[in-house]
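Chain order of the listed sequences is A and B.
If you use this note's numbering, the first sequence corresponds to residues 257 to 363, in order.
If you use this note's numbering, the second sequence corresponds to residues -16 to 488, in order.
Note that these hints are calculated values from the structure, not bench results.
Computed from a predicted model, the values in this text were never measured in an experiment.
Among the clues, some could well be false.
Pairs of lysine-lysine, DSS-like flavour, derived with a Cα cap of 30 angstroms [unchecked claim]:
#1 A:K362 / B:K81
#2 A:K362 / B:K131
#3 B:K81 / B:K131
#4 B:K131 / A:K359
#5 A:K362 / B:K446
#6 A:K359 / B:K81
The chain contents come next:
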Amino acid sequence: MILPPVGLLHYLILSVCLFSFGLLAVITRRHAIGILLGIELMLNSANLNLVAFSHFLSPDTVLDGQVFALMVIALAACEAAVGLAIILRFYRQAAVTDVADAKLLKW
Amino acid sequence: MPYSNLSVFAPELSLCGLAILVLVADLIVPRAWRRVPAGLAAVGLVVPLYFVARLWPEPLQFEFTGAYAIDGFSGAFKILLLFAAFLVILLSFDYLRKLQRGFGEYFALLLFSLTGMMLLTGAADLIVIYLAFEMISLSCYVLTGYMKRDPRSNEAALKYFLYGAAASGVMLYGISLLYGLGGSTRIMDIAARFMASGPTTAAAVEPAFLQTALVQAGVPELYVMRLTGLMMSLAVVLVTVGLGFKIAMVPFHAWAPDAYEGAPTPVTAFLSVAPKLAGFALILRLLLMWYPALLLHWPALLASLATITMFGGNLWAIRQTNIKRMLAYSSIAHAGYLLIGVVVAAKDLMGLHAIIVYFVAYLFMNLGAFAIVLLVARNMGSEEISDFSGLYHTAPALAAVMIIFLLSLTGIPPTAGFLGKLLIFGAAIGSGEWAWLAVVGIINSAISVYYYMNVARVMYFGKAGRQQVTVWPVGVVTVTVVCLLGTLAVGLFPQVIIRLIQQYI
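Extracted from the complex, chain A is given alone in its bound form (with noise of 0.2 angstroms):
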């Protein structure tokens, strides 16, 4: 058998995948890295795409894109480093880090 070859929408089918169960775990998980990770899902989705885009629509010398998705891989970086630094934060002074548990501050 002989498959397809992999084009743009099989990317995007995938992306969206990705970038509904990130939501999903942000959603669902109660335990602040668990929502940390399910962000990080979503900005990987995001990449696909803008990979994707650009491989398939824009000529070979503009990489717009994937300059783009660069700029998201360090800045998702930056921001896993501020979020566990505010979580372990949070974990020193409340010894839990789910976030159910964060009732200080209430309506």
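Model the placement of chain B on the given structure of chain A, informed by the hints.
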């Protein structure tokens, strides 16, 4: 090679340099002099301000092959941002007095986040937009959690971060779809693509259309149209979510009350003004560039969001007992009023002018209110509305000034808030189509009287506690006076500011 002129970045570059300077100076100077770098941060804001004024452009100018725009309204937003940051720095000195370490970093972070905001007001490229967005957010998360020993500050930072990171992830996905549909990261090229003609930037190339690519991949043509249509709507909705988060629009506001209550009070004052300014600048930029080619239904979407934002903010504010939390909901409601201006601005420049006037008023009255909250909290020890009880008896001047800010927030003449609301609602009525939004806005202003005047009632008729207002930190008092003068001046001499805006924007 397209002409790129680094000097258009002079305000942002000088601001970034100032932030680094403050950071380094804080390392070098001895502890007893730690206020020097912080003072430098406040005084140094003059430099970017000078550059903003010098760069004041002819109508609209694109630099860096269309990635960055300078025009009148971004200039106005930049000036407001710098002014807000200046006042917040003055507010911060006293609050941070007990901080053992990290006195200078606080101001550096404030300036870095301000740099991001300035960038966002001029951003005309999806990459720049995303970078500026994250630059603002990352610094603001840290600032929110700056009081490490305070569990509430930590919790506020955690919530702000989790909501914020998720929102920026959602927005990034929308941006990636827009990139695919528009075939470029420059927002001007994307607009041109959707209008099929019109000016493009120097960097514009002729990429294949997404539609053609999909047809070539063997997708039936009928589905291609539906698919791209769906992607378009999805992209607009996802970007709206990200923006809505930044300006604390209901239903993406859940982070705001928690972050506002838990954050150090000067940071709360900063969060309630500066990211809103930047977020609105971006919304206006997208709307002015992309309406009607891309965002034909956006005004209607924003109008419905404005309605629930106003009602949500005002109704939730009523039941609050913590003044910072109440002001958080009040700032959500103000975002709703401002959105009316955005909806109108799609077709009518009046909306844009009204938004800028409203922001001038909002800056003065909101920062003024926060300055008084700081003063009262400094003397009473907490930030409950009950701490204001009998303030009229212990500090009559303070109570009177607070009344003026509250009247202005409600929108009662002769204050700045009245002028802002008058122009926004006037623009809405003038547009005809959106007159009902003005009615909603007026109903909401009536609701807001209840909780603003509740504070006044507590101040004037409540029993005075034993505590007296004895400490008057210089910075906070200065901000109070400046905001009081600003609120009254804008309210009493409206023609001055209106003429300025009409002349320069």
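To test your reading of the hints: which numbers does this structure violate? none
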